[in-house]
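Numbering (our numbering), first residue to last: 1 to 306.
Honestly, the hints are just simulated from the structure, not real lab data.
Do not rely on the hints blindly, as some may be mistaken.
Stated by the list, open to error - In silico DSS-like cross-links for lysine-lysine, where the CA-CA straight-line distance does not exceed 27 Å:
id	residue 1	residue 2
1	LYS33	LYS61
2	LYS61	LYS103
3	LYS33	LYS20
4	LYS217	LYS274
5	LYS103	LYS11
6	LYS70	LYS103
7	LYS246	LYS94
8	LYS94	LYS274
9	LYS184	LYS103
10	LYS94	LYS11
11	LYS70	LYS33
12	LYS201	LYS246
13	LYS20	LYS184
14	LYS274	LYS61
15	LYS217	LYS184
Claimed, not checked - Each pair of labels, with its calculated beta carbon distance range:
id	residue 1	residue 2	range
16	GLU247	ARG16	27 to 35 Å
17	VAL242	ARG16	21 to 29 Å
18	PRO95	HIS199	29 to 37 Å
19	GLY243	ALA293	19 to 27 Å
20	GLU97	THR26	23 to 31 Å
21	ARG181	ALA83	42 to 50 Å
Because the structure is a prediction, the values reported are computed rather than measured.
Every residue gets a Cβ at the ideal spot worked out from N, C-alpha and C, and that includes glycine.
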Amino acid sequence: MAVSSFFSRLKTGLSRSAAKITGGITRVFTKRKLDDEALEELEEQLIAADLGPAVAARIIKGFRSTRFGKEVTDEEVRETLGAEIAEVLAPVAKPLELDRAHKPYVILMVGVNGAGKTTTIGKLASVYREQGLTPMLAAGDTFRAAAVEQLQVWGSRAGCEVVTAPANTDPASLAHDALSRAQKTSADVLLIDTAGRLHNKTALMEELRKIIRVIRKLDPSAPHATLLTLDATTGQNAVTQVGIFKEMVNLNGLIVTKLDGSARGGIVVALAEKYGLPIHAVGTGEQIADLRAFDAAEFARALVGE
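Please work from the sequences and hints to get the whole structure.
What follows is the structure, given as C-alpha coordinates:
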(Lines of atoms letter the chains of each structure in order from A and count residues from 1; the text may use other names and numbers.)
(Lines give C-alpha, C1' and ligand atoms only; values in the text may rest on other atoms or scores of the structure.)
Protein backbone atom coordinates (compact mmCIF):
# COMPACT_ATOMS: atom_id res chain seq x y z
CA MET A 1 0.00 0.00 0.00
CA ALA A 2 1.40 3.35 -1.04
CA VAL A 3 2.14 5.92 1.63
CA SER A 4 -0.35 8.40 0.13
CA SER A 5 -2.99 5.67 0.13
CA PHE A 6 -2.30 4.91 3.77
CA PHE A 7 -2.54 8.60 4.70
CA SER A 8 -5.91 8.73 2.97
CA ARG A 9 -6.99 5.70 4.99
CA LEU A 10 -5.63 7.25 8.18
CA LYS A 11 -7.43 10.51 7.47
CA THR A 12 -10.67 8.62 6.86
CA GLY A 13 -10.14 6.55 9.97
CA LEU A 14 -9.53 9.63 12.09
CA SER A 15 -12.41 11.60 10.56
CA ARG A 16 -14.60 11.10 13.63
CA SER A 17 -11.75 12.18 15.91
CA ALA A 18 -11.04 15.17 13.67
CA ALA A 19 -14.72 16.14 13.66
CA LYS A 20 -14.72 16.04 17.45
CA ILE A 21 -11.78 18.47 17.57
CA THR A 22 -12.57 20.75 14.65
CA GLY A 23 -16.28 20.89 15.47
CA GLY A 24 -15.41 22.28 18.87
CA ILE A 25 -12.96 24.77 17.38
CA THR A 26 -15.55 26.02 14.89
CA ARG A 27 -18.06 26.53 17.69
CA VAL A 28 -15.53 28.51 19.73
CA PHE A 29 -13.98 30.60 16.96
CA THR A 30 -15.68 32.58 14.27
CA LYS A 31 -13.28 35.48 13.77
CA ARG A 32 -13.12 35.89 17.50
CA LYS A 33 -10.39 37.32 19.67
CA LEU A 34 -8.33 34.77 21.55
CA ASP A 35 -9.27 35.98 25.03
CA ASP A 36 -9.41 34.12 28.35
CA GLU A 37 -12.92 32.86 27.74
CA ALA A 38 -12.07 31.52 24.29
CA LEU A 39 -8.93 29.79 25.56
CA GLU A 40 -10.87 28.19 28.39
CA GLU A 41 -13.46 26.87 25.94
CA LEU A 42 -10.73 25.59 23.63
CA GLU A 43 -9.01 23.80 26.52
CA GLU A 44 -12.27 22.07 27.42
CA GLN A 45 -12.71 20.96 23.80
CA LEU A 46 -9.19 19.52 23.66
CA ILE A 47 -9.68 17.56 26.88
CA ALA A 48 -13.03 16.27 25.61
CA ALA A 49 -11.23 15.10 22.45
CA ASP A 50 -9.02 12.82 24.60
CA LEU A 51 -5.79 14.80 24.19
CA GLY A 52 -5.60 14.89 27.98
CA PRO A 53 -5.31 17.83 30.40
CA ALA A 54 -1.51 18.06 30.22
CA VAL A 55 -1.43 18.36 26.41
CA ALA A 56 -4.41 20.73 26.45
CA ALA A 57 -2.64 22.97 28.98
CA ARG A 58 0.56 22.92 26.90
CA ILE A 59 -1.32 23.91 23.75
CA ILE A 60 -3.25 26.67 25.49
CA LYS A 61 -0.01 28.04 26.93
CA GLY A 62 1.40 28.23 23.41
CA PHE A 63 -1.67 30.03 22.11
CA ARG A 64 -1.60 32.43 25.04
CA SER A 65 2.04 33.39 24.46
CA THR A 66 1.77 33.87 20.69
CA ARG A 67 -1.81 34.73 19.77
CA PHE A 68 -3.51 36.15 22.87
CA GLY A 69 -5.77 39.11 22.18
CA LYS A 70 -5.55 38.64 18.42
CA GLU A 71 -8.46 37.96 16.15
CA VAL A 72 -8.20 34.45 14.75
CA THR A 73 -10.22 32.18 12.47
CA ASP A 74 -11.00 28.56 13.16
CA GLU A 75 -8.69 27.62 10.27
CA GLU A 76 -5.75 29.47 11.85
CA VAL A 77 -6.43 27.76 15.17
CA ARG A 78 -6.60 24.36 13.48
CA GLU A 79 -3.27 24.90 11.69
CA THR A 80 -1.55 26.00 14.89
CA LEU A 81 -3.13 23.10 16.78
CA GLY A 82 -1.82 20.63 14.20
CA ALA A 83 1.69 22.02 14.56
CA GLU A 84 1.50 21.79 18.36
CA ILE A 85 0.25 18.19 18.23
CA ALA A 86 3.01 17.21 15.78
CA GLU A 87 5.56 18.68 18.19
CA VAL A 88 4.22 16.53 21.03
CA LEU A 89 4.25 13.41 18.85
CA ALA A 90 7.59 13.85 17.08
CA PRO A 91 9.81 12.47 19.91
CA VAL A 92 7.86 9.19 20.11
CA ALA A 93 7.50 8.48 16.39
CA LYS A 94 10.14 5.77 16.14
CA PRO A 95 10.04 2.74 13.85
CA LEU A 96 10.70 -0.66 15.36
CA GLU A 97 14.20 -1.56 14.25
CA LEU A 98 15.36 -5.15 14.62
CA ASP A 99 18.87 -5.70 15.90
CA ARG A 100 20.12 -8.34 13.48
CA ALA A 101 22.81 -9.33 15.99
CA HIS A 102 20.02 -11.25 17.73
CA LYS A 103 18.76 -14.27 15.78
CA PRO A 104 15.99 -14.76 16.38
CA TYR A 105 14.98 -11.27 17.50
CA VAL A 106 12.35 -12.02 20.15
CA ILE A 107 9.31 -9.74 20.42
CA LEU A 108 6.95 -10.27 23.34
CA MET A 109 3.49 -8.91 22.51
CA VAL A 110 1.28 -7.85 25.42
CA GLY A 111 -2.10 -6.20 25.73
CA VAL A 112 -5.64 -6.81 26.93
CA ASN A 113 -7.84 -9.31 25.13
CA GLY A 114 -9.68 -7.60 22.29
CA ALA A 115 -7.09 -4.88 21.70
CA GLY A 116 -6.05 -6.34 18.36
CA LYS A 117 -2.83 -7.93 19.61
CA THR A 118 -3.11 -11.21 17.70
CA THR A 119 -4.09 -9.41 14.51
CA THR A 120 -1.15 -7.02 14.94
CA ILE A 121 1.24 -9.96 15.28
CA GLY A 122 0.01 -11.33 11.98
CA LYS A 123 0.46 -7.96 10.29
CA LEU A 124 3.99 -7.57 11.67
CA ALA A 125 4.84 -11.06 10.44
CA SER A 126 3.66 -10.05 6.97
CA VAL A 127 5.86 -6.93 7.07
CA TYR A 128 8.89 -9.01 7.99
CA ARG A 129 8.18 -11.51 5.22
CA GLU A 130 8.06 -8.62 2.74
CA GLN A 131 11.47 -7.57 4.04
CA GLY A 132 12.86 -11.01 3.21
CA LEU A 133 13.00 -12.19 6.82
CA THR A 134 11.72 -15.45 8.27
CA PRO A 135 9.29 -14.78 11.11
CA MET A 136 7.86 -17.39 13.48
CA LEU A 137 4.80 -16.97 15.69
CA ALA A 138 4.15 -18.47 19.13
CA ALA A 139 0.53 -18.91 20.26
CA GLY A 140 1.17 -18.12 23.91
CA ASP A 141 -2.44 -17.38 24.87
CA THR A 142 -2.95 -21.10 25.42
CA PHE A 143 -6.09 -20.77 27.52
CA ARG A 144 -8.13 -19.23 24.68
CA ALA A 145 -8.68 -21.59 21.77
CA ALA A 146 -10.01 -18.70 19.68
CA ALA A 147 -6.73 -16.80 20.10
CA VAL A 148 -4.70 -19.81 18.95
CA GLU A 149 -6.95 -20.35 15.93
CA GLN A 150 -6.82 -16.67 15.03
CA LEU A 151 -3.03 -16.66 15.14
CA GLN A 152 -2.92 -19.75 12.93
CA VAL A 153 -5.09 -17.97 10.36
CA TRP A 154 -2.82 -14.93 10.39
CA GLY A 155 0.28 -17.13 10.23
CA SER A 156 -1.13 -18.80 7.13
CA ARG A 157 -1.81 -15.40 5.54
CA ALA A 158 1.69 -14.22 6.32
CA GLY A 159 3.24 -17.49 5.21
CA CYS A 160 5.04 -18.33 8.43
CA GLU A 161 5.15 -21.11 10.99
CA VAL A 162 2.98 -20.90 14.11
CA VAL A 163 4.09 -22.85 17.18
CA THR A 164 1.13 -24.10 19.21
CA ALA A 165 0.52 -26.42 22.14
CA PRO A 166 -2.49 -28.28 23.58
CA ALA A 167 -5.09 -26.15 25.33
CA ASN A 168 -4.15 -24.92 28.82
CA THR A 169 -0.44 -25.65 28.32
CA ASP A 170 1.80 -23.47 30.49
CA PRO A 171 2.43 -20.38 28.31
CA ALA A 172 6.05 -20.21 29.49
CA SER A 173 6.63 -23.78 28.32
CA LEU A 174 5.15 -22.94 24.92
CA ALA A 175 7.35 -19.84 24.66
CA HIS A 176 10.44 -21.90 25.55
CA ASP A 177 9.63 -24.50 22.90
CA ALA A 178 8.96 -21.80 20.31
CA LEU A 179 12.27 -20.07 20.95
CA SER A 180 14.11 -23.39 20.83
CA ARG A 181 12.51 -24.15 17.46
CA ALA A 182 13.20 -20.66 16.15
CA GLN A 183 16.87 -21.06 17.07
CA LYS A 184 17.11 -24.46 15.41
CA THR A 185 15.40 -23.32 12.19
CA SER A 186 17.32 -20.01 12.02
CA ALA A 187 14.18 -17.89 12.12
CA ASP A 188 14.94 -14.17 12.06
CA VAL A 189 12.08 -13.00 14.28
CA LEU A 190 9.98 -14.74 16.93
CA LEU A 191 6.71 -12.99 17.87
CA ILE A 192 5.18 -14.35 21.08
CA ASP A 193 1.47 -13.81 21.70
CA THR A 194 0.37 -13.61 25.33
CA ALA A 195 -2.85 -13.50 27.35
CA GLY A 196 -4.43 -10.24 28.39
CA ARG A 197 -6.67 -11.01 31.35
CA LEU A 198 -6.51 -7.79 33.37
CA HIS A 199 -9.34 -8.93 35.64
CA ASN A 200 -6.71 -11.12 37.31
CA LYS A 201 -3.76 -8.77 37.22
CA THR A 202 -1.58 -10.63 39.73
CA ALA A 203 -1.83 -13.94 37.86
CA LEU A 204 -1.18 -12.26 34.52
CA MET A 205 1.84 -10.42 35.91
CA GLU A 206 3.34 -13.68 37.16
CA GLU A 207 2.56 -15.39 33.85
CA LEU A 208 4.37 -12.71 31.83
CA ARG A 209 7.34 -12.66 34.17
CA LYS A 210 7.58 -16.45 34.04
CA ILE A 211 7.62 -16.36 30.23
CA ILE A 212 10.53 -13.93 30.39
CA ARG A 213 12.43 -16.02 32.95
CA VAL A 214 12.01 -19.20 30.93
CA ILE A 215 13.01 -17.83 27.52
CA ARG A 216 16.10 -16.27 29.12
CA LYS A 217 17.34 -19.79 29.84
CA LEU A 218 17.81 -20.07 26.07
CA ASP A 219 18.73 -16.45 25.35
CA PRO A 220 19.68 -14.26 28.34
CA SER A 221 19.02 -11.10 26.28
CA ALA A 222 15.42 -12.02 25.36
CA PRO A 223 12.90 -10.58 24.87
CA HIS A 224 14.60 -7.96 22.73
CA ALA A 225 11.41 -5.88 22.57
CA THR A 226 8.19 -5.93 24.58
CA LEU A 227 5.38 -4.17 22.78
CA LEU A 228 1.97 -3.17 24.10
CA THR A 229 -0.99 -3.17 21.71
CA LEU A 230 -3.65 -0.59 22.54
CA ASP A 231 -7.18 -0.21 21.20
CA ALA A 232 -7.74 3.48 20.36
CA THR A 233 -11.50 3.17 20.87
CA THR A 234 -10.98 2.73 24.62
CA GLY A 235 -9.86 6.36 25.00
CA GLN A 236 -8.50 7.27 28.42
CA ASN A 237 -8.60 3.61 29.46
CA ALA A 238 -5.59 3.11 27.17
CA VAL A 239 -3.60 5.46 29.41
CA THR A 240 -4.47 3.29 32.41
CA GLN A 241 -3.48 0.12 30.53
CA VAL A 242 -0.01 1.47 29.81
CA GLY A 243 0.48 2.16 33.51
CA ILE A 244 -0.64 -1.36 34.46
CA PHE A 245 1.56 -3.13 31.92
CA LYS A 246 4.54 -0.98 32.84
CA GLU A 247 4.24 -2.49 36.33
CA MET A 248 4.34 -5.98 34.87
CA VAL A 249 7.07 -5.79 32.23
CA ASN A 250 9.66 -3.46 30.78
CA LEU A 251 7.74 -1.93 27.88
CA ASN A 252 9.77 -0.85 24.87
CA GLY A 253 7.04 0.57 22.69
CA LEU A 254 3.38 0.89 21.73
CA ILE A 255 1.24 -0.06 18.75
CA VAL A 256 -2.16 1.64 18.52
CA THR A 257 -4.94 -0.20 16.68
CA LYS A 258 -8.53 0.36 15.52
CA LEU A 259 -8.05 3.98 14.56
CA ASP A 260 -10.46 3.36 11.68
CA GLY A 261 -13.43 3.09 14.02
CA SER A 262 -12.53 5.55 16.74
CA ALA A 263 -13.64 9.04 17.67
CA ARG A 264 -10.89 8.98 20.28
CA GLY A 265 -7.72 9.21 18.21
CA GLY A 266 -6.59 12.11 20.40
CA ILE A 267 -5.59 9.52 23.00
CA VAL A 268 -2.40 8.91 21.00
CA VAL A 269 -1.32 12.46 21.87
CA ALA A 270 -2.10 11.94 25.56
CA LEU A 271 -0.06 8.71 25.57
CA ALA A 272 2.91 10.44 23.96
CA GLU A 273 2.89 13.24 26.50
CA LYS A 274 2.37 11.10 29.60
CA TYR A 275 4.70 8.17 28.94
CA GLY A 276 7.09 9.16 26.15
CA LEU A 277 7.22 5.54 24.97
CA PRO A 278 7.99 4.99 21.29
CA ILE A 279 4.85 4.60 19.18
CA HIS A 280 6.06 2.22 16.52
CA ALA A 281 2.97 1.74 14.38
CA VAL A 282 -0.74 2.44 13.99
CA GLY A 283 -3.46 0.23 12.58
CA THR A 284 -6.34 1.45 10.47
CA GLY A 285 -8.19 -1.71 9.53
CA GLU A 286 -8.32 -5.49 9.37
CA GLN A 287 -6.30 -6.06 6.21
CA ILE A 288 -2.74 -7.30 6.48
CA ALA A 289 -1.40 -4.07 4.97
CA ASP A 290 -3.36 -1.84 7.35
CA LEU A 291 -0.45 -1.40 9.75
CA ARG A 292 2.10 1.34 9.14
CA ALA A 293 4.99 3.00 10.90
CA PHE A 294 3.78 5.94 12.98
CA ASP A 295 4.42 9.34 11.41
CA ALA A 296 3.92 12.32 13.78
CA ALA A 297 3.27 15.00 11.14
CA GLU A 298 0.96 12.75 9.15
CA PHE A 299 -1.03 11.78 12.22
CA ALA A 300 -1.32 15.39 13.41
CA ARG A 301 -2.61 16.50 10.00
CA ALA A 302 -5.22 13.75 9.94
CA LEU A 303 -6.28 14.46 13.53
CA VAL A 304 -7.11 18.11 12.83
CA GLY A 305 -8.69 17.30 9.48
CA GLU A 306 -6.08 18.88 7.21
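Consistency of the hints with the structure:
no.	hint	verdict
1	LYS33 with LYS61	holds (16 Å)
2	LYS61 with LYS103	violated (48 Å)
3	LYS33 with LYS20	holds (22 Å)
4	LYS217 with LYS274	violated (34 Å)
5	LYS103 with LYS11	violated (37 Å)
6	LYS70 with LYS103	violated (58 Å)
7	LYS246 with LYS94	holds (19 Å)
8	LYS94 with LYS274	holds (16 Å)
9	LYS184 with LYS103	holds (10 Å)
10	LYS94 with LYS11	holds (20 Å)
11	LYS70 with LYS33	holds (5 Å)
12	LYS201 with LYS246	holds (12 Å)
13	LYS20 with LYS184	violated (52 Å)
14	LYS274 with LYS61	holds (17 Å)
15	LYS217 with LYS184	holds (15 Å)
16	GLU247 with ARG16: 27 to 35 Å	holds (32 Å)
17	VAL242 with ARG16: 21 to 29 Å	holds (23 Å)
18	PRO95 with HIS199: 29 to 37 Å	holds (33 Å)
19	GLY243 with ALA293: 19 to 27 Å	holds (25 Å)
20	GLU97 with THR26: 23 to 31 Å	violated (41 Å)
21	ARG181 with ALA83: 42 to 50 Å	holds (49 Å)
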